[in-house]
Amino acid sequence: MKMTAEITDGAVSKDPDVGLRAVAALRAMAEQLENLQVDNARAAGWSWQEIALRLGLSKQTVHRKHRKRTGGR
Amino acid sequence: MFERFTTDARLIVVNSQAHARRLGHNHIGCEHLLLSLASLDDTIGQTIRDAGATPSAVEATIQRLVGGGRLFEGIDRAALAAIGIDLDLVRQQVEAQFGLTQAPARPRRRRWRRRRTCGHEPGRIALTPRAKKLLEISLREALAQRSKHIGTEHVALAMIRMNDSLAGEILSVLGVSPAALRTNILGRHRQAG
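If you're matching them up, the sequences are chains A and B in order.
Residues 1 to 73, numbered by the working numbering, are exactly what the first sequence covers, in order.
Residues 1001 to 1193, numbered by the working numbering, are exactly what the second sequence covers, in order.
Everything labelled a hint here was simulated from the structure, so no lab data went into it.
Since we're looking at a predicted model, the values are computed, not measured.
Using N, Cα and C, we set each Cβ at its ideal position, and we do this for glycine too.
Partial chain A-side listing against chain B, Cβ under 10 Å, derived: (1) V18; (2) G19; (3) L20; (4) R21; (5) A22; (6) V23; (7) A24; (8) A25; (9) L26; (10) A28; (11) M29; (12) Q32; (13) L33; (14) L36; (15) N40.
Only chain A is shown next, with the shape it has when bound in the complex (with noise of 0.2 Å):
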C-alpha cells in the first residue's frame, strides 16, 4: 500500500522537525479515537476489562484515565 510506505517514510524523517511534529499528531489523534471508541464500548456495555484487553493496557489505568468523561464506575 502506498499509505504504509509513506507512514515509514515519515517515521524515518531525518528532519527531527518533521518527525516529532508527526508523532504528536499521531498521538493527538490516538488520543481522540480511544476516548471516542472507549465511549462507544462503555456505551455498549462492555466492562472496563474488555475495553483495558484490547488496548493493552490494565484495566486500572484505562478506569482512571476514562470515568470522569464516561460518568461509569
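Given the coordinates of chain A, work out where chain B should sit on it, guided by the hints.
Structure of chain B alone, referenced to chain A:
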C-alpha cells in the same frame, strides 16, 4: 445588572456568547470573556495582545484545555500529511461509523467538574457562576476607581483579579504575568483618559 456597562463592555458579553457558540460550548465562561477582551479594538485589547494573549493563542489554549470542538480540531494536519495520513479522510471514516462531529470533551479537573450554568433560558447560552462573579468584580473595579461606568478596562481588571478561573489558567499557560498586565492596563488607561 448591565445598566452601568458601557456599550463596549456589553459587547464583550455579547461576543463571548458568539465565541462560545462557535466553539460548540453550552456555557459562557471566563475563558470566552478573555477571548472577547483579547479581540477588543481598543487600547485595552491592544494591551492584552501585547502581553502575548492574542485571540488565536487564547482560542487554541481554550481548545486544548476545554475541548469539545470538532473532532480532530487543532491537530496538525500538515504534520500528519507528511507521514501519509489524511486527517480529513480519517474523520470521514469515523463520522460515517459514529455519525458525530463533536470530539468527546476532555475530562475536567475536579475544580471545574461541578461548574454548571444557572439562570438558563431556552435558546440562550448562560453565563457560568464564575463568569457572573467576574462581571460583579468589574463593578467593584469601577467603584474603586470612582468611575460611574463599567468599561472594558474594568472587565479586564476583574478578569486578572479572578486568578483561579480558567481565564487565569490560560494567561499562565501563555506566560502572561497578571501583575504586569494589570499595571499596563492601568497605565494605558490613564494615558488614554
